[in-house]
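These protein sequence lines are chains V and C, in that order. Residue 199 in our numbering sits at position 199 of the first sequence, and the numbers go up by one each step. Residue 22 in our numbering sits at position 22 of the second sequence, and the numbers go up by one each step.
Honestly, the hints are just simulated from the structure, not real lab data. It is possible that part of the hints are untrue.
Here are some chain V residues pointing at chain C (derived, C-beta under 10 Å) [as the list claims (entries may be wrong)]: (1) ASN27; (2) GLU30; (3) LEU32; (4) PRO82; (5) PRO88; (6) ILE110; (7) LEU143; (8) GLY216.
Every residue gets a Cβ at the ideal spot worked out from N, C-alpha and C, and that includes glycine.
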Amino acid sequence: MNQLKVNNARKKFSKKLVLDSVSLEINTGEILSIFGRNGSGKSTLLKIIFGVETADTISLQLNGKSFKQKEIVPSQKIAYLPQDNFLPKNYTVRDIIPLFFPNGDDQDKIFYSKGVAKFENTKVENLSMGELKYLEILLIGNLKHDFLLLDEPFSMVEPLQKEIIKELLLELKKSKGIILTDHYYDDVLSVTDKSFLLLDGRRVEIETISDLEKFGYLQKR
Amino acid sequence: MNKIFRKYYLDVNIYNLALSMVFGYFYGFLIGFLIFCTIGTWIGILNFRFIKNQEYYMYQNLGISKAKLIQKVCIINFLIALPFLILLFFIK
Numbered sequence: 001m002n003q004l005k006v007n008n009a010r011k012k013f014s015k016k017l018v019l020d021s022v023s024l025e026i027n028t029g030e031i032l033s034i035f036g037r038n039g040s041g042k043s044t045l046l047k048i049i050f051g052v053e054t055a056d057t058i059s060l061q062l063n064g065k066s067f068k069q070k071e072i073v074p075s076q077k078i079a080y081l082p083q084d085n086f087l088p089k090n091y092t093v094r095d096i097i098p099l100f101f102p103n104g105d106d107q108d109k110i111f112y113s114k115g116v117a118k119f120e121n122t123k124v125e126n127l128s129m130g131e132l133k134y135l136e137i138l139l140i141g142n143l144k145h146d147f148l149l150l151d152e153p154f155s156m157v158e159p160l161q162k163e164i165i166k167e168l169l170l171e172l173k174k175s176k177g178i179i180l181t182d183h184y185y186d187d188v189l190s191v192t193d194k195s196f197l198l199l200d201g202r203r204v205e206i207e208t209i210s211d212l213e214k215f216g217y218l219q220k221r
Numbered sequence: 001m002n003k004i005f006r007k008y009y010l011d012v013n014i015y016n017l018a019l020s021m022v023f024g025y026f027y028g029f030l031i032g033f034l035i036f037c038t039i040g041t042w043i044g045i046l047n048f049r050f051i052k053n054q055e056y057y058m059y060q061n062l063g064i065s066k067a068k069l070i071q072k073v074c075i076i077n078f079l080i081a082l083p084f085l086i087l088l089f090f091i092k
């Protein structure tokens, strides 16, 4: 089992304190979800953990060993799915897979994954949002990283495709730790093991939908 | 040069090459070549950032940082330029 610990992540944009000493801990085999209103710092926190956004203060530990933000990308321990497409638009799926997996057996694993044959000759720019998100998660999820950071994996995805993505996340969870953020709270809560809400830059524990209502993320019913 | 870095190198230098050819056409081959290996490289990198910035996440997921990509492109283009710069120095 691998463990990722993030302690005292703090980030200020000019005068606004977006993250106020946020800490989290995740093990492989777990899915942790982060809720929060727009601008609450969810994406910033994921980018900080991925090492592409500098934090004002942060302490990172992997299996008890401290490491710096700049070491995250080269270490290939943490993968990141951004909100917007990051794959080359003019490439077909068939062209992209070898970029991620030079080895033939690894490529086959992706080509023979559920549903890929249907769109393997399609250009990325012509994929539906659901197909694109699924492909992106499939690609980064099959890299050797121990942890996945997913920023809005269900956003603008049709219901049937969401189920396929959820199935994939539960499969990936067997060998990885996953942190995800999304506003589709029903979908998120159906796959997650633990959750918290970012409120005024601080972490608030969430266990049920009523907690989301209690802290003003959802309207009270 | 591995496949993934080759993609970045070509994406950056396609703009660079276009710019250098324009300069080469008006000011001669040597100037065009020097542009390709110096300021053209930076313009290509800036252009990539402007048009394909999201793709940096692909490289980062594959373990290559933005700084590393830029550094490698600059070094390769400088090494291409070096023999010509030395030659130019001795001709003068």
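Comparing the hints with the structure gives:
no. : hint   : result
1   : ASN27  : violated, 21 Å
2   : GLU30  : violated, 21 Å
3   : LEU32  : violated, 19 Å
4   : PRO82  : holds, 5 Å
5   : PRO88  : holds, 6 Å
6   : ILE110 : violated, 14 Å
7   : LEU143 : holds, 7 Å
8   : GLY216 : violated, 32 Å
When each numbered hint is compared with the structure, violations occur for hints 1, 2, 3, 6, 8.
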